[in-house]
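Start from chain A and add chain B according to the hints.
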Amino acid sequence: MEFLLFIVRRFLRLILTILIISTIIFFVIRVIPGDPALVVAGIDASEDDIQAIRARLGTDVPVAIQYTRWLGDIVRFDFGESMISGASVNKLIMERFPLTLTLAVLGIVLGIIVAIPLGVMSAVHRWSFWDYFGMVYSQMGMAIPSFWLGMILLLVFAVKIPLFPLFGSDSLKNLVLPAIALGFARAAVILRLTRAAMVEELSREYIITARAKGLTDRMIRYKHALRNAMIAVVTVTGIQFGYMLGGAIIVEQVFSLPGLGRLFLYAIYQRDFPLIQGGVVFIAVIFSLVNFAVDILYSLLNPKIRIS
Amino acid sequence: MAFKKKNWIFNIAVLFIILLGAAAIAAPLIAPHSPTDQHIEKRFSPPDSINIMGTDNFGRDILSRIIYGSRSALLVGIVSATIAVVIGMCVGLWAGLGGNIADNILMLFMDSLLSFPTILLAITVVSFFGYGLVQVMSAIGIIYSPVFARLVRAETLAIKTESYIEASRALGTPILKRVVIHIIPNLLGKVIVQYTITFALAIVIEASLSYLGLGTQPPTPSWGLMLKDAKNYLIQAPWMAVYPGLALAFTVFAFNLIGDTLAEKLNPRVLR
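As you go down the protein sequences, you meet chains A and B in turn.
FYI, in the numbering used here the residues of the first sequence are 7 to 314.
FYI, in the numbering used here the residues of the second sequence are 6 to 277.
The following block holds chain B by itself, in its conformation from the complex:
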């Protein structure tokens, strides 16, 4: 019953993400101005009918920069979360099926990675591999892989003991085929939920790193980078800080909401 009430919020969240994706793809078509053209004579102009969200310290149009910035945000989300899933799934399946020794060694490594503040690990990796989007995406992907490894391992251990797996083994199905047709489909639900949440986390980490000057490098528009610039002009141009942050918060909110709702649908035992 509680579900019906929440369904419309879920639909709005999905719609928002679809629109955001469309905006990212069609950025050149819908952005009212260029995201990088500087108009020094128009710097710090407050929101008006020409620059709906105002301009920044170089006179660049903020709305256009936000639209283009959605590209790096979504790209980071997709690539990082996918890296995390691929590594995490492989390690998790290996740990779950490979016997005790493999399990202990792999999980020790994964737990060590988990027992470290995420943002610090990201900063450390990026500071040594160099700043930039590719490094950030790889770093985030590696950092979040233990979450998937743990999840996949736990699910695999549980599924492994099911009687249909035993039956399949008795029939002589090769292990790889068993993994592909029996195990992976059964843990996919939870992996998808975690993927959605990781997507959101990756966007926040990228924005944080860019804010610190360690992520996306100028002049590529990125929400975190826009906020970094905004910090120096908080008094003259507060709109510089408000709009990119709203874009960031709504995107993360939408992904979290989708993840939460999916988790509920897949696991009715959880209350709320």
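Bound-form chain A, shown alone:
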């Protein structure tokens, strides 16, 4: 019952967040000086042309009506048609999303494989080689921007040592380098948190009790401490996954991958307003849903949170 109430409350918050984000996006678009229709139409357009584009963009009616329509669009999840290609925005997004999702999943899997074992090793053997290695890695991960890492990876593993292809997106091999570029920094965050959570758990009193009971170090570390530390790790990993969807915009550009990020970026270059709006709301909704799922998972793992 209590849990159900938590989910409902959290769900209402999710709706509210999406509503606020959409409102912010709406006003960012409308409040700025300049008429999108003029930008789209170009300098030599006639008044009729501009009027026609305004009608197509829906900017020919008062702001209040535009806002209501905008909310209606979001509820129905319908963002109209691209101004450049004329295809429905939803269709364009759905065509591109699988690639971005695959990339993000690969990135997070790589991140987890590196970060969690290294974080646990660092915490268990503090000030050992692994701990220093982990420290250096996490500092590097936070300092090296994903797009530069992507370029260096291409330079080393596609140009100098041709292990991976320079272009293309049809096989999984094309996604390995982008996934590393995307996962590298996120792994640094997960690593730091895993270490901190493990160190904290290992200093708890129940560990002393377990030791007094005569449990082996192995049991204490991996059965007791790791389990409890994982609660925080799962949360952070989930949030990092959400961030990857944003980070994919840049990494896709580096590797010329036709994912959601590139679609969005070209929409910006071409000032394709319906596609920009649809893209932003889509990513915002996915991001909010991921956070929602993470919160639910977190409360399942840690019942204490439901009360507060």
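If you are wondering where the hints come from, they were derived from the structure by calculation, not from laboratory data.
Heads up, a few of these hints could be off.
Here are the computed distance ranges between Cβ atoms for each label pair [said to hold, decoys possible]:
{"hint": "1", "chain 1": "B", "residue 1": "Pro51", "chain 2": "A", "residue 2": "Asp55", "range": "48 to 56 Å"}
{"hint": "2", "chain 1": "A", "residue 1": "Ile302", "chain 2": "B", "residue 2": "Asn191", "range": "45 to 53 Å"}
{"hint": "3", "chain 1": "B", "residue 1": "Val185", "chain 2": "A", "residue 2": "Thr222", "range": "53 to 61 Å"}
{"hint": "4", "chain 1": "A", "residue 1": "Val115", "chain 2": "B", "residue 2": "His44", "range": "46 to 54 Å"}
In the PhoX-like style, the derived pairs of lysine-lysine whose C-alpha atoms are separated by at most 25 Å in a straight line are [said to hold, decoys possible]:
{"hint": "5", "chain 1": "B", "residue 1": "Lys165", "chain 2": "A", "residue 2": "Lys179"}
{"hint": "6", "chain 1": "A", "residue 1": "Lys166", "chain 2": "B", "residue 2": "Lys165"}
{"hint": "7", "chain 1": "B", "residue 1": "Lys165", "chain 2": "B", "residue 2": "Lys195"}
{"hint": "8", "chain 1": "A", "residue 1": "Lys219", "chain 2": "A", "residue 2": "Lys229"}
{"hint": "9", "chain 1": "B", "residue 1": "Lys182", "chain 2": "B", "residue 2": "Lys165"}
{"hint": "10", "chain 1": "B", "residue 1": "Lys270", "chain 2": "B", "residue 2": "Lys165"}
Computed far set for chain A versus chain B, every beta-carbon distance over 10 Å [unchecked claim]:
{"hint": "11", "residue": "Arg15"}
{"hint": "12", "residue": "Leu22"}
{"hint": "13", "residue": "Tyr73"}
{"hint": "14", "residue": "Arg75"}
{"hint": "15", "residue": "Asp84"}
{"hint": "16", "residue": "Gly86"}
{"hint": "17", "residue": "Thr108"}
{"hint": "18", "residue": "Gln145"}
{"hint": "19", "residue": "Met236"}
{"hint": "20", "residue": "Gly248"}
{"hint": "21", "residue": "Leu251"}
{"hint": "22", "residue": "Ala290"}
Here the structure is a predicted model, which means the values were calculated and not measured.
Beta carbons are placed, not taken as given, at the ideal position from N, Cα and C, and that holds for glycine.
Below, chain B alone, put in the same frame as chain A:
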């Protein structure tokens, strides 16, 4: 004990930032060549004794461009982080002291901004406000303000209940004076740590936006812009990609390190 070991790294990081700042200010004096003069006959020349880091696709000297590029990087860091602090502090103090209703409404807005991928928000804002350095700095400043708002609010709520605040209130000190002399000094430590980290993040976001062609516009030298050019000539001129990226990574690294060390000094409870 662990501190002593790390102090020299901290000192190097601080020294690096000071040198970078000096290089940015004195760029015309120390840059060996002009950052914008094109020498088509010398395009793509690899690093040698004249062009220490080689030249780019227009024959421009890369080292000089990196030195000049530090100007936009540091400018973005300072301006964006300051905008974020000012907005975040005001909102955080208001939420912390203004009672429940103000607190809930303000924090709902701030949390909504936080629940959005940073880079996407930056791209969206910039794409509508137009490309360029000013827009980028404002966008980054607004995007990172919720982090400060949350921090300041949490600290304010904690400090508010301290007995010296109660005492000061009982003495009839006006609220504004209480905020200035009691609350702000007490949360400054954590704000400074966050400021350092935000500085680094702002530099990365600016470089990313410039890389996408949405930030600094040519011919102004910017590290992100240099990397954008480098991408097209990865095979002919790899040095174009290597050096600006190193400059970027070392700068971010230095700021993060300073932030980490300060955080440790201010909060000894954190391990490592």
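Evaluation of the provided hints:
For Pro51/B and Asp55/A, the Cβ-Cβ distance of about 52 Å falls inside the hinted range of 48 to 56 Å, so the restraint holds. In this structure the hint that Ile302/A and Asn191/B lie 45 to 53 Å apart at CB is violated, the actual value being about 36 Å. Restraint check, Val185/B to Thr222/A: a C-beta distance of roughly 57 Å satisfies the suggested window 53 to 61 Å. Take Val115/A and His44/B: their Cβ atoms lie about 47 Å apart, and the range 46 to 54 Å holds.
Our distance criterion of 25 Å between C-alpha atoms is broken by Lys165/B and Lys179/A, whose separation comes to about 56 Å. Restraint check for Lys166/A and Lys165/B: not satisfied, since their Cα atoms lie roughly 60 Å apart, outside the 25 Å limit. With a C-alpha separation of about 16 Å, the suggested pairing of Lys165/B with Lys195/B holds against the 25 Å cut-off. Distance check on the hinted pair: Lys219/A and Lys229/A sit about 14 Å apart at the alpha-carbon level, within 25 Å; holds.
Pair hint Lys182/B plus Lys165/B holds up; C-alpha atoms about 14 Å apart against a cutoff of 25 Å. Between Lys270/B and Lys165/B, the direct Cα distance comes to roughly 24 Å. Compliance with the 25 Å bound is thereby established for this hinted pair. The beta carbon of Arg15/A sits about 14 Å from the closest Cβ of chain B, which is more than 10 Å, so the claim that it is off the interface holds. The beta carbon of Leu22/A is not kept farther than 10 Å from every beta carbon of chain B, the shortest such distance being approximately 7 Å.
Annotated as non-interface, Tyr73/A keeps its C-beta farther than 10 Å from every C-beta of chain B; the closest such distance is 16 Å. The claim that Arg75/A is not at the interface with chain B holds, since no C-beta of that chain comes within 10 Å of its own (minimum 18 Å). With a least beta-carbon separation of about 20 Å from chain B, Asp84/A lies farther than 10 Å from that chain, consistent with its non-interface assignment. Every CB of chain B lies more than 10 Å from the CB of Gly86/A, the least distance being 18 Å, so the non-interface label holds.
Every CB of chain B lies more than 10 Å from the CB of Thr108/A, the least distance being 18 Å, so the non-interface label holds. With a minimum CB-CB distance of about 6 Å to chain B, Gln145/A fails to clear the 10 Å threshold, and the non-interface call is violated. No Cβ of chain B comes within 10 Å of the Cβ of Met236/A; the nearest lies about 19 Å off, and the non-interface call holds. The non-interface label for Gly248/A is inconsistent with chain B: the shortest C-beta to C-beta separation is roughly 7 Å, within 10 Å.
At roughly 6 Å, the least C-beta separation between Leu251/A and chain B is not larger than 10 Å, which violates its mark as non-interface. In this structure Ala290/A is not separated from chain B by more than 10 Å, as the shortest Cβ-Cβ distance comes to only about 6 Å.
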